[in-house]
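A.B. asks: Here is how the chains run, residue by residue.
Number of protein chains: 2
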Amino acid sequence: MEKPRAVLFDAYGTLFDVYGIGALAERLFPGQGQALAVLWRDKQIEYTRLVTTSNDGAHYRPFRELTQAALRYACKRLALALTEASEQQLMHQYHELPAFGEAREVLQALRERGVVTGILSNGDPPMLQAAVASAGLGPLLDHVLSVDPLRKYKTHPQAYALGTQATALPAADILFVSCNSWDALAATWFGYRTLWVNRYRLPFEELGTQPTRTGETLRDVLAFF
Amino acid sequence: MEKPRAVLFDAYGTLFDVYGIGALAERLFPGQGQALAVLWRDKQIEYTRLVTTSNDGAHYRPFRELTQAALRYACKRLALALTEASEQQLMHQYHELPAFGEAREVLQALRERGVVTGILSNGDPPMLQAAVASAGLGPLLDHVLSVDPLRKYKTHPQAYALGTQATALPAADILFVSCNSWDALAATWFGYRTLWVNRYRLPFEELGTQPTRTGETLRDVLAFF
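Just so you know, the sequences run in chain order P and G.
Residue 1 is where the first sequence starts when you use full-length UniProt numbering, and the numbers rise one by one after that.
Residue 1 is where the second sequence starts when you use full-length UniProt numbering, and the numbers rise one by one after that.
Hints in this document: simulated from the structure, not taken from any laboratory.
Glycine residues also receive a C-beta, built at the ideal position from the N, C-alpha and C atoms.
Not one of these hints is a red herring.
Pulled from the structure, derived: some chain P residues nowhere near chain G, Cβ distances all over 12 angstroms:
id : residue
1  : E2
2  : K3
3  : Y19
4  : G20
5  : A23
6  : L24
7  : R27
8  : Q32
9  : E84
10 : G101
11 : R113
12 : V115
13 : D124
14 : D173
15 : T212
16 : T217
List time: in silico SDA-like cross-link candidates among lysine to any residue, alpha-carbon distance up to 20 angstroms:
id : chain 1 : residue 1 : chain 2 : residue 2
17 : P       : K76       : G       : W182
18 : G       : K76       : P       : G208
19 : P       : K76       : G       : G208
20 : G       : K3        : G       : A172
Work the whole structure out from these sequences, hints included.
C.D. replies: Right, here's the structure in full:
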């Protein structure tokens, strides 16, 4: 099989390490940080799906707003009193996320091979630009693609189609990389070649489709080349 | 405001009590039953959303199949060995669900007032018919509507539109009742009057829309009349 001509990465949890969010949550709410971080993340994803499915985008709100709404829900659910200061601290984490340790070397290796690189994310442009700048990855990325102009989140096929449009390549020539199993699944459905980076040794989704490959870190991208 | 002319109920967790599923899970996997029931239910709903959003129904599978896939995922995630016998026992629970204690009297009261009654559910027709028969609610329901022919699950607006089509009533003349906050939310977005039956004292979704009313049991339906 031909080598991929472009590699598109999911952002949160894939290129950017969101561990610090849970750590801050634990400092703010001792003993509840892990529960808050998990519920916050689950709700954030749920909200992207609810607004995407319902009424053709009429209820779309940018990722920052859904993230904030999900945080408020999660705190209410766990009976945690969320002060304005704590909310701002937690939300601000999304603007200064570190990249995973191996992200830079993998992106550099791709560039050296002449492979097109990019992010394809649910994040809205200001969030993404802040994270890219904070992690210092800007010079290594050809594309930073946000679903925001579409008003539809992944896993909508139009969201994945941003990658083929931006690169002017067919999906089968693009490797899509995600640590989120649902994202790797839907990208496979869309037609991308996929790498599921299974950092946390989780089972894959049971919907009858497997990613092209499964790896443990971003370094496994390089095995495609 | 005019009284509603029809009342449509969500099925699982709203008319039908799914508590027995967790109880059986606990007998099969002592100490893990609650975790399994929660993860199973969350994954079941997640799978309805993934197949609805992705590729316009190409990956649709009936609710029974998604429910089974979600059970398998949840057991793998929790490292529980799911035998074929245990899987069959757990899946069979969906076919013999009891109704909540007050369901019958509420449906009877609606019928006495000449109000059209029905179920609007993600369940596929065999699952729904089995649950309706098991709970003995068939004679009290004018409609048992499944999203299955559409190949799209709630919260897709076409799923909610099954209710207006079947009753030939405008959405504003129909009361939609659900214990699931996401369902009450999206039904409100669709245009139904809504009652969120908040049995477990949870927060409502933080997406800027409230249900028409919030109650604690199905009896709160009758306050609309």
